Amino acid sequence: MNGMNPGVLDILFDPLFAEPFATGLIFAVLLPLLGCYLRLRDEWLAALAFAQTAAAGSLLAMLFGLPLALGGLAAAGLAAGLKHVFEGAARGAQGAAYAMLLLLGWGVSVLLVANLPLAERMGHALFDGQLYFTDRAHLAAAGAFAALAAFALRGLSRRLLLAHFFPDFYRARGLSERRAHFAFDLLIAGALALATMSVGVMGAFAMIFVPPLIAFAWAKSWRRSVLLAVGCGVLAYLAAFALALVLDQPFGPLLGLLLVAAGVGSALLRRLAGHD
Amino acid sequence: MNALPLLEIEALTAGYARPVVGPLSMRLGAGEILGVAGPNGCGKSTLLAALTGSARVFSGRVCKRAGLRLSLQQQNPPEIGGVPFNAGELIALTGAGAGGLPPWLASRLGERLDRLSGGQLQFLYLWACLQAPADAVLLDEPTNNLDPDGVAFLEGALRRRAAEGAGLLVVSHDARFVGAVCSRTVRLGGSG
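Protein sequence lines, in the order shown, are assigned to chains A and B. Note that this note's numbering has the first sequence beginning at 1, numbered continuously upward. Note that this note's numbering has the second sequence beginning at 1, numbered continuously upward.
The shape of chain B in the complex, shown without the other chains:
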């Protein structure tokens, strides 16, 4: 891991109308997979929203390395029904490549998004964000809708991306997944 972190949070308190999470301090380095675990409603997604500028920072600060390129996978993909966009186009849109996709998705690159299952769509969005040109990737509940094979493939893909030098921040309520894939874990309480 490089000495200079990609992202550093110092005593951060963030939320929307009122604080939802914090105070919290953490660092994310290049090549690291950092987990943020905790029960539903503890502010995990709000933390990511604060990092990407869509939640309010009440106190503390977020420091990003100059020129840092962030990629964010949202917990819920946007409504895509009725739009004639296929899986290959979605991956190409973020600049990600299709090489290395699991076979059960690689064979469906020509399918429209609204013809894919929930798990296939989830993995596709994950892939498009994970493999996009970025220095740090933020993943919000990446195992949602995935079957065990999908989760196993995701674990391998995360490790490979980290080995390439990206810093990964993984938010999940799935303690087993976080324990299996993350090099460090920050646990959030359920009060806020």
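Chain A on its own, in the form it takes in the complex:
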């Protein structure tokens, strides 16, 4: 650190960025954690659809003078409800439903951005990520949601794992796991809706998709995969946060590119080590 330009340190430790940093850090832990269960269920496309739908909901909320977070959460929650309708459908039909949601969210967002000057600025912020403009309200919402998600996941984790490895475990006992799946979908939708407003649509998607991808390849147990995914997410976040500030670049794309580099590096390393 001795050789570092003092100006860079001043930027990194500027109290102005303390709240945005803490907000992003919460999502850097939460999204990879949830992403492990999403990857277990092979539903990563649903995550992208939720994030895109949340962005459209935020823009619509702005159009009607409502809080952006409310619009994002409502739209993502609605998307989770629609996904629930397709829960029993064949895997191909589920994938098609997620793709339709994704296209719906994208279409609404782009039309709003193209036709409303105010939406244009907000649209760019939502897609690029506006982490450095998040405030105490964002931090409070992220913290409260993360606490709720951690509490809910304690109860949901075993149910989700059982449903994957023993699909008839609950049915054989006369119980249904559909409510657990819906609760998990709402968690994913809520996390992505809130994360989209700070780290952006693709930044949030990268954070929920790439760290579990890396962790699943290396970990020897579920517990270790969750820890590794969270570790990858936090490291990529710290690097992206610092680089974006120092290089004066948008945070979301930098985070996405760093995670892609980590994912490709991980795959190459596995190939070189003869694992794949």
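Treat each hint with caution, since some may be false.
To be verified - Each pair of labels, with its calculated beta carbon distance range:
| id | chain 1 | residue 1 | chain 2 | residue 2 | range |
| --- | --- | --- | --- | --- | --- |
| 1 | A | Leu235 | B | Ala17 | 48 to 54 Å |
| 2 | A | Ala144 | B | Ile80 | 33 to 39 Å |
| 3 | A | Ala147 | B | Gly97 | 31 to 37 Å |
| 4 | A | Arg178 | B | Gly95 | 19 to 25 Å |
| 5 | A | Gly155 | B | Ala17 | 46 to 52 Å |
| 6 | B | Gly97 | A | Leu272 | 36 to 42 Å |
| 7 | A | Arg121 | B | Glu79 | 43 to 49 Å |
| 8 | B | Asp149 | A | Ala150 | 43 to 49 Å |
| 9 | A | Gly155 | B | Gly97 | 20 to 26 Å |
| 10 | A | Glu120 | B | Glu79 | 40 to 46 Å |
| 11 | B | Ala180 | A | Arg154 | 40 to 46 Å |
No lab work stands behind these hints: they were computed from the structure. Note that the structure is predicted; figures quoted are calculated from it, not measured. For glycine and all other residues, C-beta sits at the position ideal for the given N, C-alpha and C.
Assemble the complex: chain A is given as a structure, and chain B must be docked to it using the hints.
For chain B alone, coordinates are given in the frame of chain A:
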């Protein structure tokens, strides 16, 4: 065996779009190992699906003792490739214990499921279902992929589980295995 059965089937006809099995009547008591034998396609797995509510009951009825906890081992384990879950975690997931596992599996509890052989994976799933807290255990073709040592170990494990008071319903096309381990056997025909 207790007088009250864990499970009772009366003139059951079950299937999916159309009836596949039945009419069939049987009872499973606590501590009993009941075999259901028959050739491929005779409806053995459909019978288990009807008992767990995933197949349609066309006629007849299934009576379960109040509060009955069922555990089902499916013929084909779900796709597990790429998920970092190890053998010890799988056993713990159903609430089963690892005590009493055969040595060739006990030594591999730290291995990921996608690093195990087909026979090891089959036995692991069997164990996780057999030793889960349950009053009745339904096993669908449990000897698939198992070598003779695995089958012999399974026979002992089934007898011990029954001696502990669980009722076991074993569906298998392996007549020797069914004859060796089951106290009674119901044979299904090949027509339906």
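Point to revise | Hint numbers contradicted by this structure | key: 5
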